[in-house]
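From these two lone chains plus the hints, build me the complex, please.
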Amino acid sequence: MIPHDELMRYLDGELPPERAREVERAMETSTELRRDFLLYGRMKTDLQALGEQMETHGTVWSSVSRAIVRPVGWILFLVGTAIWLAYGIYAYLTSAESLVEKLVTGGIAVGLAMLLLSALLDRLQDLRSDPYRGIQQ
Amino acid sequence: MTPPLEGAAGEGDPLAAGMPMKDPAPAPVPGTAGAERAVEAELIRKCVAGQSRFYEPLVRAYEPVAQRVALGILGDADGARDAVQQAFIRAYDALDRFDPERSFRPWFLQILRNQCRDELRRRKAGFEVQRMDAVLAQRLAGDEDAARDHRRTRARELLWTALGRISVEHREVLVLKEIEGLSYGEIAETAGVPEGTVASRLFHARRALREALEEMGVEYP
Numbered sequence: 001m002i003p004h005d006e007l008m009r010y011l012d013g014e015l016p017p018e019r020a021r022e023v024e025r026a027m028e029t030s031t032e033l034r035r036d037f038l039l040y041g042r043m044k045t046d047l048q049a050l051g052e053q054m055e056t057h058g059t060v061w062s063s064v065s066r067a068i069v070r071p072v073g074w075i076l077f078l079v080g081t082a083i084w085l086a087y088g089i090y091a092y093l094t095s096a097e098s099l100v101e102k103l104v105t106g107g108i109a110v111g112l113a114m115l116l117l118s119a120l121l122d123r124l125q126d127l128r129s130d131p132y133r134g135i136q137q
Numbered sequence: 138m139t140p141p142l143e144g145a146a147g148e149g150d151p152l153a154a155g156m157p158m159k160d161p162a163p164a165p166v167p168g169t170a171g172a173e174r175a176v177e178a179e180l181i182r183k184c185v186a187g188q189s190r191f192y193e194p195l196v197r198a199y200e201p202v203a204q205r206v207a208l209g210i211l212g213d214a215d216g217a218r219d220a221v222q223q224a225f226i227r228a229y230d231a232l233d234r235f236d237p238e239r240s241f242r243p244w245f246l247q248i249l250r251n252q253c254r255d256e257l258r259r260r261k262a263g264f265e266v267q268r269m270d271a272v273l274a275q276r277l278a279g280d281e282d283a284a285r286d287h288r289r290t291r292a293r294e295l296l297w298t299a300l301g302r303i304s305v306e307h308r309e310v311l312v313l314k315e316i317e318g319l320s321y322g323e324i325a326e327t328a329g330v331p332e333g334t335v336a337s338r339l340f341h342a343r344r345a346l347r348e349a350l351e352e353m354g355v356e357y358p
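Protein sequence lines, in the order shown, are assigned to chains C and D.
Going by the numbering used here, the first sequence opens with residue 1, and the numbers climb by one from there.
Going by the numbering used here, the second sequence opens with residue 138, and the numbers climb by one from there.
Here chain D stands alone, though its shape is the one from the complex (with noise of 0.2 Å):
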């Protein structure tokens, strides 16, 4: 799902203010992708045009999303905070080249994998798993609920280090996938792959999981 573009619609926001438009095309139903896709549109050709300050509300929208599949790929925060960042200048650089017909997420998503992979060529240390609670918030559980969140956090620990021993390849289409929760057609447009090749390559992508798991030596819960 695209995230909701809150600055662009915010008061006193020249877009929600009607401000002329060039080309104006015709109006999309409001709260629709389309419509969604229109204000990212009309944001970047500001953009383009030398008006930055319009980028602030996508980099707003989509800072979550990125800062998720940064940390899934890379596996520590500050490299992921990083890389978020380089993701959204480069993506700023080539502002001119991106096709308005074409929704941002995936064209940004393609943008932070690649700087991603700069990164974890860059350190060669390769995915640097850090302990799970530097990394994701501790949810307080009730006593009766302790002992089977006990045995979910055990799995999603193991889960989280086996993430790391598996390819940049595999661990890049589980997090697009399971994290971001991405369609295939989305995956797809991301990874610069075929539609078909997604299955698939999510089914190595979890079975290598699997595998890692049974190296650790550990029965996954």
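Okay, chain C solo, but in the shape it has when bound (with noise of 0.2 Å):
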């Protein structure tokens, strides 16, 4: 009796010569073996045929190569955009300005920072919670 994995073994030339010829042997004598032997031996090839024919289209390269940029990009620019604000600041709060034009500057920029964040918040919210946000057009 040749176990299932081993007609699998040696469908697919995994077994050694020895055992090869058992299983070859075996289905001289068993037609239910040679049946599952001619069978999966065609469905084999049809796959195979499948694989042969499969197109592949284009390459994916520069859709990757962007996305393994971005990050790259976008820290940069963050850093960037941080050491400019905080010199930027800086320079002001250390500058010869009067107080009451400091305090209503940095009133003004305060209150921008807040109303963005917050939208940018609320959106984030909603794409976390769209229902259709895995549907592509």
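Calculated from the structure, these hints are not laboratory results.
Bear in mind that the values here come from a model prediction, so they are computed numbers and not experimental data.
Any given hint could be a false lead.
Label-pair ranges, simulated between beta-carbon atoms [what the hints assert, rightly or not]:
1) D:R254 <-> C:L127: 22 to 32 Å
2) D:E306 <-> C:P3: 12 to 22 Å
3) D:G187 <-> C:E22: 50 to 60 Å
4) D:Q188 <-> C:Q125: 35 to 45 Å
5) D:A186 <-> C:R35: 55 to 65 Å
6) D:E306 <-> C:V69: 34 to 44 Å
7) D:R254 <-> C:G13: 20 to 30 Å
Anything over 10 Å on all C-beta distances counts as not near chain D; from chain C, calculated [to be verified]:
8) E22
9) K44
10) L50
11) I75
12) F77
13) L78
14) Y90
Positions of the beta carbon are idealized from the N, C-alpha and C atoms, including for glycine.
Listed below in structure tokens is the structure:
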């Protein structure tokens, strides 16, 4: 009796010659084994032919390349912006402008930043709960 | 068989031009699997060092394999392309954890397999059976071969539909074995199972395919 795993190994050429001969001897006496071997063999040939016919469509390199480079661009942009902002604030606070002018300008800047941040947070929350976000056009 | 790294040996390529390598290993024989692996390891080392342009030869060498595997698992060309793209991005991010003693192919195919599974979970509909003529190249046959070719084409159409009816685990192993021609050892490495399990899984996959064909009520030619 040849186990099914053994038949698969024979079909796929993964059996050592001695065991392969045993499978061949068993097939001479077992119609069922021979029938299985022929059916699976035909499936194998047709699946291989499917693979040979599969077309590959262009390269994905440009998209992959963009996705790899993008985080580096964002990091550089954010770090640069943060440094410029910090320097600007420092330069403005230590300048000779009057305290009232600094307080008013600071209030406007902080208010704008808070509005922008809350709008961004709302948008983010909408995106997370959007039931259609997985649907492509 | 490992696909040739054409981009790595092309004109103007620093590797081909003999750029100095850190920790040089004994020179592998050109044209052998060892030589290919050494080139891959060097490309990966450069990518990990931040030179992302050295990733291009790897992408170009492995994307035909990847597209066939993804197409076999997902069933539609657009989904396969997206999965391949995401898998290459994921692989790039994980390159610092890649063991250069191993071959890139099974490691990458493992990432691709996980990506395809994520995609199947996400879309919920599972395998999308696209018409074969939308997925496969049509071969023109002479008149005398037409009848025989028609029978074989019909058989392949049936198989393609039946592939969509079996579990993803079974489909994966069939795709890796029959469509990509991986050995049992390579399948074991890709699927993360012992080599002894591969034969058993292949048997169950082939039997499932056979049962799917029977359930479809068609006689497989």
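We went through each hint and held it up to the structure:
1. Checked against the given bound of 22 to 32 Å, the beta carbons of D:R254 and C:L127, roughly 24 Å apart, stay inside it.
2. Restraint check, D:E306 to C:P3: a C-beta distance of roughly 21 Å satisfies the suggested window 12 to 22 Å.
3. D:G187 and C:E22 have their C-beta atoms about 56 Å apart, which keeps the hinted 50 to 60 Å range intact.
4. Roughly 39 Å separates the CB atoms of D:Q188 and C:Q125, a value that falls within the hinted 35 to 45 Å.
5. For D:A186 and C:R35, the hinted distance range of 55 to 65 Å is satisfied, since their beta carbons lie about 57 Å from each other.
6. For D:E306 and C:V69, the hinted distance range of 34 to 44 Å is satisfied, since their beta carbons lie about 36 Å from each other.
7. Separation of D:R254 from C:G13 is about 29 Å and conforms to the stated range, judged on CB atoms against 20 to 30 Å.
8. At roughly 15 Å from the closest C-beta of chain D, the C-beta of C:E22 stays outside 10 Å, upholding its exclusion from the interface.
9. A beta-carbon of chain D comes within 10 Å of the beta-carbon of C:K44; the shortest separation is about 6 Å.
10. The claim that C:L50 is not at the interface with chain D is violated, since a C-beta of that chain comes within 10 Å of its own (minimum 5 Å).
11. Interface exclusion of C:I75 from chain D stands, the closest Cβ pair being 12 Å apart, more than 10 Å.
12. Look at C:F77: its CB is around 18 Å from the nearest CB on chain D, clear of 10 Å, so calling it non-interface holds up.
13. Every beta carbon of chain D lies more than 10 Å from that of C:L78, the smallest distance being close to 18 Å; the non-interface claim holds.
14. With 10 Å as the threshold on Cβ separation, the claim that C:Y90 sits away from chain D holds: the shortest Cβ distance comes to roughly 32 Å.
Hint check: violations occur at hints 9 and 10; the rest are consistent with the structure.
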